[in-house]
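These protein sequence lines map, in sequence, to chains G and X.
Using this note's numbering, you'd call the opening residue of the first sequence number 210 and step up by one each time.
Using this note's numbering, you'd call the opening residue of the second sequence number 210 and step up by one each time.
Hints were generated in silico from the structure; no laboratory data involved.
Any given hint might turn out to be false.
Note that identical chains are pooled: a pair holds if it fits in a single copy or bridges any two copies.
[Unchecked claim] Below, simulated BS3-like cross-link-like pairs (lysine-lysine); rule was C-alpha separation at most 30 Å, straight line:
{"no.": "1", "residue 1": "Lys-313", "residue 2": "Lys-343"}
{"no.": "2", "residue 1": "Lys-229", "residue 2": "Lys-411"}
{"no.": "3", "residue 1": "Lys-357", "residue 2": "Lys-309"}
{"no.": "4", "residue 1": "Lys-261", "residue 2": "Lys-358"}
{"no.": "5", "residue 1": "Lys-230", "residue 2": "Lys-358"}
{"no.": "6", "residue 1": "Lys-411", "residue 2": "Lys-261"}
{"no.": "7", "residue 1": "Lys-358", "residue 2": "Lys-412"}
{"no.": "8", "residue 1": "Lys-350", "residue 2": "Lys-250"}
{"no.": "9", "residue 1": "Lys-313", "residue 2": "Lys-350"}
{"no.": "10", "residue 1": "Lys-350", "residue 2": "Lys-412"}
{"no.": "11", "residue 1": "Lys-358", "residue 2": "Lys-313"}
{"no.": "12", "residue 1": "Lys-411", "residue 2": "Lys-358"}
2 protein chains.
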Amino acid sequence: MKNIITIGREYGSGGRTIGKKVAELLGYDYYDRELIDEAAKESGLSAEFIEKTEQSLTGSFLYNLAMGNSYSYGMLSPTGSNVLPLTMQVFLAQQQAVLKFAEKPCVIVGRCADYILRDRDDVLKIFVYSTEEKRIERAVKEYGLDTKKAREQITRSDKGRARHYSTFTDWDWADRSHYDLMLNSGVIGIDAAAEFIATIAKK
Amino acid sequence: MKNIITIGREYGSGGRTIGKKVAELLGYDYYDRELIDEAAKESGLSAEFIEKTEQSLTGSFLYNLAMGNSYSYGMLSPTGSNVLPLTMQVFLAQQQAVLKFAEKPCVIVGRCADYILRDRDDVLKIFVYSTEEKRIERAVKEYGLDTKKAREQITRSDKGRARHYSTFTDWDWADRSHYDLMLNSGVIGIDAAAEFIATIAKK
């Protein structure tokens, strides 16, 4: 029996839709973007700021942190001590939210939840991907983008997610060794994927 | 409806067992090591030779081929023309066998079958993997190896399969973009995996 289902996903692969269906089938709570709001609320950081920080993440973040250049990314606390880069403050706030949500059975899409919950053995770790063609089709239909914009967003989003992952974890995004199941949603289908995940979770 | 199921797999992950069960469930033919025998028979190359060639594959094969140094890997035909490296002769013979088997519904484990059949749209492409711990456990139980030998065989076999793949195809072994479904057999379970694959194939 798996109490937590984490879902990593490529942009436009339908990972969120699969996550919602799995949550319905199992009667679990469902979280994705809400995590950011929750994290923001608990930590005092604004949702707008969190979103902006994520988008501006660069590969040089850890390098700068290692070199002690965190000031360029961080801010001083009111007392001048406890200096943590803002990006790390955001991640820690999200981590707290994930840990709190995971006290009850739930489905969590994205947010490095698989990494954050890596020491628990009641977590089923899923990754959803698809072909570029199918992802474009989905982005056009679901998000109303034109084909060119959809293609750009896919590239940008995949790059951002991989970078977010490698910045805050010592894992590579989409590395199979960290997943129990990786599905091409364009072939398997949203409903079949959700049903199989729910079946495995109940075992 | 998928007429062909190809299964790539890590050593000790149970990919062959899953393949056999899928074939039973669907009433399809099943092929793995037999392909080598068949390829050997059709091409006139001996089964022993094919096995030896595979084991001696090195990353420099394509480099040598590109540089025109194929003589060091090949042999002259009786007439002195039609010089093809022996390793490539072996691959071409295996390819012929895969193409022939794929004329009827079947499950094919390994042998770059997914790559060889890449232009068909009735092929379901599976990859089976597992944790090192579970793979060792399986190798000890199924193949009678001791733990140390099993660990060595896992490393050697994964390296060999990745090299075989990159030598004869322009794909990377285990790259998700070439698979429809990737399963951690240690978590999903052999029977559940086989049943899901058969269900998807029948859709």
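Here's how the hints hold up against the structure:
1. Lys-313 x Lys-343: between (34 Å within a copy, 29 Å between copies)
2. Lys-229 x Lys-411: both (16 Å within a copy, 25 Å between copies)
3. Lys-357 x Lys-309: This pair counts as neither: shortest intra-copy Cα distance 39 Å, inter-copy 41 Å.
4. Lys-261 x Lys-358: within (20 Å within a copy, 51 Å between copies)
5. Lys-230 x Lys-358: Within. Shortest intra-copy distance 27 Å satisfies the 30 Å Cα cut-off; inter-copy 44 Å does not.
6. Lys-411 x Lys-261: neither (38 Å within a copy, 46 Å between copies)
7. Lys-358 x Lys-412: This pair counts as neither: shortest intra-copy Cα distance 41 Å, inter-copy 33 Å.
8. Lys-350 x Lys-250: The answer is neither: 32 Å in one copy and 52 Å across copies each exceed 30 Å.
9. Lys-313 x Lys-350: neither (33 Å within a copy, 37 Å between copies)
10. Lys-350 x Lys-412: between (35 Å within a copy, 24 Å between copies)
11. Lys-358 x Lys-313: neither (38 Å within a copy, 42 Å between copies)
12. Lys-411 x Lys-358: neither (39 Å within a copy, 36 Å between copies)
Hint violations for this structure: numbers 3, 6, 7, 8, 9, 11, 12, all remaining hints satisfied.
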